[in-house]
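Student: Listed below, chain by chain, are the residues.
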Amino acid sequence: MGTVHAKAPEVTPTEDDIRFERIPARVERVIVEGVGRTKDDIIIKEVRPILESSTFQEMVQNSHEVKRRMERLGLFKQIGIFIDTCKDSGGQTGYEVTFEVREFRPVSGGINTLIGNNDASLTRGYSCNFSKPVNANPDILLSGGIYQFHGSYPWSGYKETDRGVELDLTFPSFLGSHSLRWDGVWRDLRALSRTTSFAVREQAGHSLKSSLKHVFVRDRRDDTILPSRGSLIRLTQEYAGIGGNVEFSKQELEVQFNKSLFWDTVVQLSLAGGVMRPLHSKDEVRINDRFFLGGPLTLRGFNMKGVGPHSDGNALGAEAYWLCAAHIYTPLPFRPGKGGFGDLFRTHFFINGGNLGNVNFNNLHGSLRDVGSEFRWACGGGVVLRLGRVARMELNYVVPMAVQQGDGVNPGLQFGIGLSFL
Amino acid sequence: MAGDTGSLVVDAFQAELGASEPWPDDVVLYQQYQAEQITFPDYANCLSVKTFLYMCGLDFRVEVRTNAEEMSPSGKVPFIHVGAFLVSELDPIIAFVNSRGFQLTAKLADAERSEMRAYMAMIENILVNAELYLITKPRYGCPYPWPLSSILPLRKQSEIQARLASNSWKDKTLSEVCEEVRTCCQALSERLDQQKYFFGDKPTELDALVFGHLFTLLTTSLPEGHFAEIIQQFSNLTAFCKRIDEQYFKQN
Numbered sequence: 012m013g014t015v016h017a018k019a020p021e022v023t024p025t026e027d028d029i030r031f032e033r034i035p036a037r038v039e040r041v042i043v044e045g046v047g048r049t050k051d052d053i054i055i056k057e058v059r060p061i062l063e064s065s066t067f068q069e070m071v072q073n074s075h076e077v078k079r080r081m082e083r084l085g086l087f088k089q090i091g092i093f094i095d096t097c098k099d100s101g102g103q104t105g106y107e108v109t110f111e112v113r114e115f116r117p118v119s120g121g122i123n124t125l126i127g128n129n130d131a132s133l134t135r136g137y138s139c140n141f142s143k144p145v146n147a148n149p150d151i152l153l154s155g156g157i158y159q160f161h162g163s164y165p166w167s168g169y170k171e172t173d174r175g176v177e178l179d180l181t182f183p184s185f186l187g188s189h190s191l192r193w194d195g196v197w198r199d200l201r202a203l204s205r206t207t208s209f210a211v212r213e214q215a216g217h218s219l220k221s222s223l224k225h226v227f228v229r230d231r232r233d234d235t236i237l238p239s240r241g242s243l244i245r246l247t248q249e250y251a252g253i254g255g256n257v258e259f260s261k262q263e264l265e266v267q268f269n270k271s272l273f274w275d276t277v278v279q280l281s282l283a284g285g286v287m288r289p290l291h292s293k294d295e296v297r298i299n300d301r302f303f304l305g306g307p308l309t310l311r312g313f314n315m316k317g318v319g320p321h322s323d324g325n326a327l328g329a330e331a332y333w334l335c336a337a338h339i340y341t342p343l344p345f346r347p348g349k350g351g352f353g354d355l356f357r358t359h360f361f362i363n364g365g366n367l368g369n370v371n372f373n374n375l376h377g378s379l380r381d382v383g384s385e386f387r388w389a390c391g392g393g394v395v396l397r398l399g400r401v402a403r404m405e406l407n408y409v410v411p412m413a414v415q416q417g418d419g420v421n422p423g424l425q426f427g428i429g430l431s432f433l
Numbered sequence: 025m026a027g028d029t030g031s032l033v034v035d036a037f038q039a040e041l042g043a044s045e046p047w048p049d050d051v052v053l054y055q056q057y058q059a060e061q062i063t064f065p066d067y068a069n070c071l072s073v074k075t076f077l078y079m080c081g082l083d084f085r086v087e088v089r090t091n092a093e094e095m096s097p098s099g100k101v102p103f104i105h106v107g108a109f110l111v112s113e114l115d116p117i118i119a120f121v122n123s124r125g126f127q128l129t130a131k132l133a134d135a136e137r138s139e140m141r142a143y144m145a146m147i148e149n150i151l152v153n154a155e156l157y158l159i160t161k162p163r164y165g166c167p168y169p170w171p172l173s174s175i176l177p178l179r180k181q182s183e184i185q186a187r188l189a190s191n192s193w194k195d196k197t198l199s200e201v202c203e204e205v206r207t208c209c210q211a212l213s214e215r216l217d218q219q220k221y222f223f224g225d226k227p228t229e230l231d232a233l234v235f236g237h238l239f240t241l242l243t244t245s246l247p248e249g250h251f252a253e254i255i256q257q258f259s260n261l262t263a264f265c266k267r268i269d270e271q272y273f274k275q276n
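Chains as they are written, first to last, in our numbering: chain Z, 12 to 433; chain Y, 25 to 276.
Any given hint could be a false lead.
[Stated by the list, open to error] Straight-line alpha carbon distances no greater than 20 Å define the calculated DMTMM-like cross-link-like pairs of lysine to aspartate or glutamate that follow: (1) 293/Z / 87/Y; (2) 100/Y / 87/Y; (3) 270/Z / 233/Z; (4) 180/Y / 173/Z; (5) 143/Z / 52/Z; (6) 100/Y / 199/Z; (7) 100/Y / 213/Z; (8) 196/Y / 148/Y; (9) 180/Y / 171/Z.
If you're looking for bench data, these hints aren't it; they were derived computationally from the structure.
So here's chain Z without its partners, still in its complex pose (with noise of 0.2 Å):
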């Protein structure tokens, strides 16, 4: 490092030096253009703060600040700020401020193609969708569309074709945030192949389900994939059987606690849960609304949806589901790419422990010993990449301590990717 020898030079005030702050600036009016189904009741509410600027530094954050309000609000694409001197005032002091706007379409769609969370399963599919806050309220919004999707699902060795309705409302309360949703879809289930089993074939044929959906999610974590503090409580319940044949209600709730401990560790512990039932007792949950359990991103150490009852080779789900996992993430080793794309690996050391069953509501105490008892766990470590914001991508070395007969058992080296894991 060679030294400089140099002289600041003299700060002398000069006019380049304004004090934004003291400069006195009164907006003479706000032109908003490129409005066209936008009301103007929704606009005029939202730019008003701008009028009441009376320095030119608070013009310019408050038009940054309706403008920030504005895109939250979802009724443009594009917002551009064009602040000019008025024109037609008289004073030195008046300004005229510009919204160049651009409105999104009133409907949205999209086709694609998914292969979903580290398996065979492939979905693809279509949807239209809509959204609109609701009272000018970017927090509150409604939403609503409609799609059809196919996918398939090896495992359980069928195929499903969806075609439904659905409309969501979206609101904050004290607690957390909530989603209120209902999905009428029509389903249409085949067998895979001809050496799918039977158990699952007598599952095959259309199904109509309208169900009312409450998801309630308390998310103070840092970070959703990678946390290192923080909490997650997420509360799931559905109703089905206003109207359609599929009768059942559903309960599931994960929570997630995250601690950081000395030299960048994060001490993760996790546990999700869920148990249905059927309306009436004489029915049975169909294949495709059971829970099922096990893969490389939640019940490490077992084939995806490797555990629970299973017929042929086909995993056939249950009606309840236990699962829970401690996690110890360090950077990685001697940390390579420090601050830059080492940071988007962890090391982690983890032991996962679970159980799938179904509950006879009858002999209630019984079931949920079974439930209890006759877990499956785990332990290993490997690597962690985070994917983006969204997914995540693990290698480890799985060591199955605890297995039932009939499970699909994956010792050794086991990859997973996708965007749900616990």
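Add chain Y to chain Z, keeping to what the hints say.
Tutor: Just chain Y, lined up with the frame of chain Z:
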């Protein structure tokens, strides 16, 4: 095409495996609900298969399921579940049963056997199409909730229309269809003559197929069904249906 070849291989494999095993006790025949749901060409097919199995002296149990059609590997009813195998529709079932050593046509000469095949093809071409022609609004959707109760029959109907269009039956008038049925019955009546069965005094799969279709047409009341009247003009055919009904169904 790949799928077809695959299933042919599976069929051949199944036939080969099947030859070494006897007829198990727990054979099940799956079909839809008779009165409420099933369309009558499907009902006729089920009846033919049941008659054929009774004629072979094979035991089976009938299971009624709303989703029998979707469960079937070929998407058609009926299908039978024998051990690890699923076999659907009459012709594959005949081949499967033959491969297990139960044959109705063992004593027939080759010429007679091909004659029998020709008559069976005639029934497939004329009676089955005539039955499909008459379906106007199947009650097919009744086990499902709205809106599936209206969507599914429409879908079924357009499938049937497409099939009729493909073999140019769609544009026929009702009287032309009736004429076809009359010709078919005429040919069958002449072949049967005063014999007990079509080929002497032992039943064949042709007897099962004819009984399935004629009996269904005779006993189902159709809105514009003149078919029953046509069949009743051939007294040996009605007597034949009555005889088989008494012999295989009254006692079972």
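Student: If a hint holds in the structure, say so; if it doesn't, say that too.
Tutor: Comparing the hints with the structure gives:
With a C-alpha separation of about 19 Å, the suggested pair residue 293/Z and residue 87/Y falls inside the 20 Å cut-off, and the hint holds. Distance hint between residue 100/Y and residue 87/Y is fulfilled; the C-alpha atoms sit about 15 Å from each other, no more than 20 Å. At roughly 11 Å between alpha-carbon atoms, residue 270/Z and residue 233/Z fall within 20 Å of each other, so this suggested pair holds. As the CA atoms of residue 180/Y and residue 173/Z are separated by approximately 18 Å, the hinted pair is consistent with the 20 Å bound.
Pair hint residue 143/Z plus residue 52/Z holds up; C-alpha atoms about 16 Å apart against a cutoff of 20 Å. The suggested pairing of residue 100/Y with residue 199/Z holds, with an alpha-carbon distance near 16 Å, which does not exceed 20 Å. Only pairs whose Cα atoms come within 20 Å are accepted, and residue 100/Y paired with residue 213/Z is accepted, the gap being roughly 15 Å. Using a Cα cut-off of 20 Å, the hinted pair residue 196/Y and residue 148/Y holds, with the two alpha carbons roughly 17 Å apart.
A threshold of 20 Å between alpha carbons decides the hint, and for residue 180/Y with residue 171/Z the separation of about 19 Å falls inside it, so the pair holds.
Figure legend: structure checked against the earlier numbered hints; every hint is met.
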